[in-house]
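The numbering of the sequence shown is my numbering, which starts it at 132 and goes up by one.
To be clear, the hints were calculated from the coordinates, so they are not data collected in a lab. Some clues are possibly wrong.
Between beta-carbon pairs, the in silico distance windows are [as the list claims (entries may be wrong)]:
hint: 1; residue 1: 175; residue 2: 232; range: 25 to 33 Å
hint: 2; residue 1: 233; residue 2: 179; range: 27 to 35 Å
hint: 3; residue 1: 186; residue 2: 154; range: 14 to 22 Å
hint: 4; residue 1: 154; residue 2: 175; range: 16 to 24 Å
hint: 5; residue 1: 154; residue 2: 180; range: 31 to 39 Å
hint: 6; residue 1: 169; residue 2: 204; range: 28 to 36 Å
hint: 7; residue 1: 184; residue 2: 223; range: 18 to 26 Å
hint: 8; residue 1: 165; residue 2: 212; range: 14 to 22 Å
Think about it this way: if two alpha-carbon atoms lie no more than 27 Å apart in a straight line, the pair counts; the simulated DSS-like pairs of lysine-lysine are [as the list claims (entries may be wrong)]:
hint: 9; residue 1: 203; residue 2: 191
hint: 10; residue 1: 220; residue 2: 203
hint: 11; residue 1: 191; residue 2: 220
Here the structure is a predicted model, which means the values were calculated and not measured. Think of the CB as a built atom: it goes at the ideal place given N, C-alpha and C, for glycine as much as any other residue.
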Amino acid sequence: MSASGPSRLPFAASGDPSSPRRGTPEAAQRVLGESLRQLRREAGLTLREVAEPLRGSAAKVSRLERGASSPKERDIEDLIVFFRVPDEKAREIRALLRQARESP
132 MSASGPSRLP FAASGDPSSP RRGTPEAAQR VLGESLRQLR REAGLTLREV
182 AEPLRGSAAK VSRLERGASS PKERDIEDLI VFFRVPDEKA REIRALLRQA
232 RESP
């Protein structure tokens, strides 16, 4: 590996060219989605049950959790309230949302 490190790789260290690099908006969106999935699973809820407070569908929640869809600030705020996310974790989620919305 070069002295410049893994951040200069054209794709994630996993070797999968479809995986986003660390620190990119795409990576933040994926991590945000994983956080949302974890909150849902910890609450023991289905995609459909989480879709209701979002005024959406189970498919919408699935896209958010997979990082396949750009989340709207309102949706994230609604989920923070719905899941009663503690302040520190809510700040982390909001920071991921900001990073996910940055232009590359």
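Cross-check of the supplied hints:
A hinted range of 25 to 33 Å for the beta carbons of residue 175 and residue 232 is consistent with their spacing of about 30 Å. Remark: the range hint 27 to 35 Å for residue 233 to residue 179 is upheld by a beta-carbon distance near 31 Å. A hinted range of 14 to 22 Å for the beta carbons of residue 186 and residue 154 is inconsistent with their spacing of about 32 Å. For residue 154 and residue 175, the hinted distance range of 16 to 24 Å is not satisfied, since their beta carbons lie about 33 Å from each other.
The supplied range of 31 to 39 Å is met by residue 154 and residue 180, whose beta-carbon atoms lie about 33 Å from each other. Taking 28 to 36 Å as the suggested C-beta distance range, the pair residue 169 and residue 204 does not conform, at roughly 20 Å. At roughly 20 Å, the beta-carbon separation of residue 184 and residue 223 lies within the given 18 to 26 Å, and the hint holds. Range check, residue 165 to residue 212: Cβ separation about 20 Å, and the 14 to 22 Å hint holds.
With a CA separation close to 11 Å, the supplied pair residue 203 and residue 191 stays within the 27 Å bound. Pair hint residue 220 plus residue 203 holds up; C-alpha atoms about 18 Å apart against a cutoff of 27 Å. Using a Cα cut-off of 27 Å, the hinted pair residue 191 and residue 220 holds, with the two alpha carbons roughly 22 Å apart.
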